[in-house]
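2 protein chains.
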Amino acid sequence: MSSVYRKIKGGVTAPLGFLSNAVSAGIKNPDAERLDLTLITSKSTCVAAGTFTTNRVKAAPVKISQTHLRDGDVQAILANSGNANACTGLNGIRDAKLTAKTVGKSLGIKQSQVALCSTGVIGLPLPMTRIEPKLHPLTEGLSRGQGLDVAKAIMTSDTCHKEIAVTVKLGDQQIKIGACCKGAGMINPHMATMLCFVTTDAKLSKAALNNFLSEAVEQSFNRITIDGDMSTNDSVIMLANGAADGASIKRGTKDAKKFTEALNYVLLEMAKSLVRDGERVTKFVTIHVKGAKSYNDAKKVAEAVANSSLVKCSWNGNDPNWGRIIHAIGYSKAPIKEELIDIYIGGLPACLGGLEADTHMHKLREKVAKPEFNITIDLNQSQGEYTVYSSDLSPEYVDFNRSEYAYWKQARKDGLTKQ
Amino acid sequence: MSSVYRKIKGGVTAPLGFLSNAVSAGIKNPDAERLDLTLITSKSTCVAAGTFTTNRVKAAPVKISQTHLRDGDVQAILANSGNANACTGLNGIRDAKLTAKTVGKSLGIKQSQVALCSTGVIGLPLPMTRIEPKLHPLTEGLSRGQGLDVAKAIMTSDTCHKEIAVTVKLGDQQIKIGACCKGAGMINPHMATMLCFVTTDAKLSKAALNNFLSEAVEQSFNRITIDGDMSTNDSVIMLANGAADGASIKRGTKDAKKFTEALNYVLLEMAKSLVRDGERVTKFVTIHVKGAKSYNDAKKVAEAVANSSLVKCSWNGNDPNWGRIIHAIGYSKAPIKEELIDIYIGGLPACLGGLEADTHMHKLREKVAKPEFNITIDLNQSQGEYTVYSSDLSPEYVDFNRSEYAYWKQARKDGLTKQ
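So the sequences go chain by chain: A and B.
If you're matching positions, the first sequence starts at 48 in my numbering and goes up one per residue.
If you're matching positions, the second sequence starts at 48 in my numbering and goes up one per residue.
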């Protein structure tokens with residue numbers, strides 16, 4: 048743990064001046080009281096920043112949030128789970144805008160000050176008849192005590208909610224950063240649908256916030272959503288309301304250094320929590336590549352290994368199969384030399400100079416059998432380094448992902464999601 | 048069926064002047080009589096060509112075969128299954144060369160006229176004490192009747208052998224092309240370990256053969272081993288011995304057109320057979336992309352869809368999930384327009400203009416439930432087209448791939464593969 052920040056209880060409402068609420072609107076399942084509609088707001092105006100999916104097919108809420116964040120200062124985030132509002136055309140845009148308008152009106156802010164996020168199945172319209180009646184109660188029930196409910200309401204196939212908060216001392220003032228996120232889908236290039244909301248009561252300019260958030264995302268979520276192959280809905284949105292009443296944090300200062308250290312920690316912890324809770328994941332694997340000719344070469348190698356289905360299968364089977372790892376290194380397109388490659392599993396050499404090392408198989412198996420372990424790949428060429436966080440691939444993952452769409456569509460036909 | 052070629056019985060020994068044999072050397076399993084060492088030879092000198100894995104980590108036999116094919120006219124192919132002889136360093140090269148030398152001596156040809164192929168587990172040395180004594184018997188038993196045994200001896204996790212032969216009339220002469228191949232591993236970028244041997248009694252120059260083979264591989268095996276992400280051992284080797292006693296087939300002529308049509312058919316059938324027999328595959332899916340801005344854009348889209356784990360999972364579950372398909376199209380990096388995209392499943396519209404089409408779910412499900420179906424993606428932008436052949440991803444595939452290396456290594460430790 049760093050001396051700069053200290054972990055505290057709570058999530059997005061830990062920083063001063065933030066309120067939240069979550070309700071069940073029957074989007075996930077009309078017959079069960081599961082939280083699926085949530086709102087985060089600030090009492091005062093915010094400086095806001097966001098990073099979004101690079102997928103060319105973007106969900107309606109992503110398109111709208113991008114515009115709202117570019118045009119003005121967003122003060123609220125409305126999110127739903129159970130429906131992605133993606134591939135829904137102009138009707139999807141209309142529905143999403145209507146929710147922003149309604150919430151804005153209730154809160155007394157402009158429609159353009161409400162950011163929107165959706166996660167769930169693609170291609171089905173938002174169940175507006177169930178969402179609309181819940182928007183006013185959602186704003187009515189806002190309070191400081193319900194940050195946890197936000198984390199719960201955005202869950203889809205997540206098995207646990209994910210939130211974090213830290214406090215940082217900057218001179219005499221104490222500022223806080225809070226966050227929650229949801230993952231689901233395997234944490235893998237084109238599979239994750241992730242949302243992350245970050246709040247802080249620190250004071251920042253829009254330029255500084257954009258800058259700090261981009262850097263923090265680069266070393267966290269971009270290490271798990273490799274290649275920019277993101278889902279139609281991926282969004283990280285951060286609000287800074289300055290409620291801690293300190294001076295503005297300027298780039299290049301000591302305070303900025305402390306703040307970014309804390310922000311990087313918060314986002315990396317959130318990103319790691321997504322991998323750990325990936326669908327039917329049993330292993331959390333840190334892949335560290337060093338000795339590459341460049342940072343980009345190290346990245347290529349790390350991502351090739353992290354995304355190899357065969358490597359992931361072997362981890363699921365507690366199999367220290369370095370042959371599959373070197374095979375993935377070989378097709379990564381980085382200029383490697385087979386005879387220089389060392390591979391360590393849980394710190395033990397599995398392959399040295401491109402050949403099988405003399406480590407006992409049962410010792411390597413012990414390492415891979417653990418729920419968390421490291422793979423270190425030394426290319427022994429130069430100084431390039433990169434780290435990614437990956438997971439295993441389980442038969443249960445495939446089984447889980449065999450029939451989402453048909454299930455939802457049938458559910459709608461059966462009147463389970465009456466529209 | 049074309050009027051140019053006619054399918055006939057047999058495989059690599061169907062063309063005149065080719066002999067083969069296969070034996071059990073106990074490489075796959077010392078305790079079971081499974082064919083795992085095989086040899087194809089021509090009675091007369093051949094013109095030879097090959098295409099090999101682009102993986103930077105290359106198995107010893109690949110490195111040696113590349114040299115032999117570049118330097119001279121290969122007249123024999125020696126292949127084994129059960130061990131890839133990859134990541135085995137200088138010892139691997141030494142062992143492989145020794146087998147070529149021994150076989151060359153028995154056949155009365157040069158070591159450099161023997162091409163080598165291995166397939167199986169990576170990182171373990173060839174069991175030379177079991178292979179060496181079998182090399183002489185292998186050459187002794189060569190005959191025209193054992194083409195089928197070659198196809199069987201190269202199998203690893205294949206569930207069936209794969210061979211084909213055709214005859215083509217060129218003017219007055221009748222020439223033949225024969226082939227066999229093995230797949231295993233899912234037919235997917237970095238997973239397939241494939242070998243394919245092609246023989247013909249047609250007469251061709253080295254330049255023409257290289258040219259025809261490259262083109263045939265481009266429209267067949269390269270449509271299933273996407274992105275050049277190949278295994279350490281992938282090899283296609285073709286021998287032309289001119290035994291049909293016809294005139295040399297010159298590029299640009301009518302005969303060349305007929306010959307390449309037949310060769311393309313042979314290789315495409317072989318490539319498709321690999322997909323159909325992919326590990327634990329239950330679906331064979333042809334993905335045809337059209338209306339792209341360019342050939343390369345169509346290729347990007349086709350490969351993104353063909354490789355999406357989530358798309359493949361949905362096929363396994365008979366789920367016509369077009370949302371996952373459009374999601375993969377979106378991250379393919381091709382410049383697409385969401386609102387123009389049409390997706391057809393088995394000829395029925397699932398998505399029109401980026402939105403859900405009005406086709407009954409049960410009709411779409413019927414299509415995806417079939418063992419073979421087509422996905423047509425029309426980007427409606429221009430004329431670019433591309434086709435790939437893909438498969439589903441099953442829980443059984445993951446289960447099957449959980450523990451190969453540890454199994455083999457333990458087997459060796461237990462003395463099952465005594466070295």
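Hints are supplied without guarantee of correctness; some may be wrong.
[What the hints assert, rightly or not] The list that follows gives simulated cross-link-like pairs (lysine-lysine, BS3-like), each with its CA atoms no further than 30 Å apart:
1) A:K337 x A:K297
2) A:K410 x B:K75
3) A:K380 x B:K337
4) A:K340 x B:K380
5) B:K380 x A:K110
6) A:K337 x B:K110
To be clear, the hints were calculated from the coordinates, so they are not data collected in a lab.
Each hint tested on the structure:
1. Taking the CA atoms of A:K337 and A:K297, the gap is about 33 Å. The hint is violated against a cut of 30 Å.
2. For the given pair, A:K410 sits about 26 Å from B:K75 by alpha-carbon distance, which is consistent with the 30 Å threshold.
3. At most 30 Å may separate the alpha-carbon atoms for a hinted pair to count; A:K380 and B:K337 meet this at roughly 28 Å.
4. Distance restraint check for A:K340 and B:K380: the Cα-Cα separation of roughly 26 Å lies within the 30 Å cut-off, and the hinted pair is therefore satisfied.
5. With a C-alpha separation of about 18 Å, the suggested pair B:K380 and A:K110 falls inside the 30 Å cut-off, and the hint holds.
6. With a C-alpha separation of about 27 Å, the suggested pair A:K337 and B:K110 falls inside the 30 Å cut-off, and the hint holds.
Hint 1 from the list above is the single one not met by this structure.
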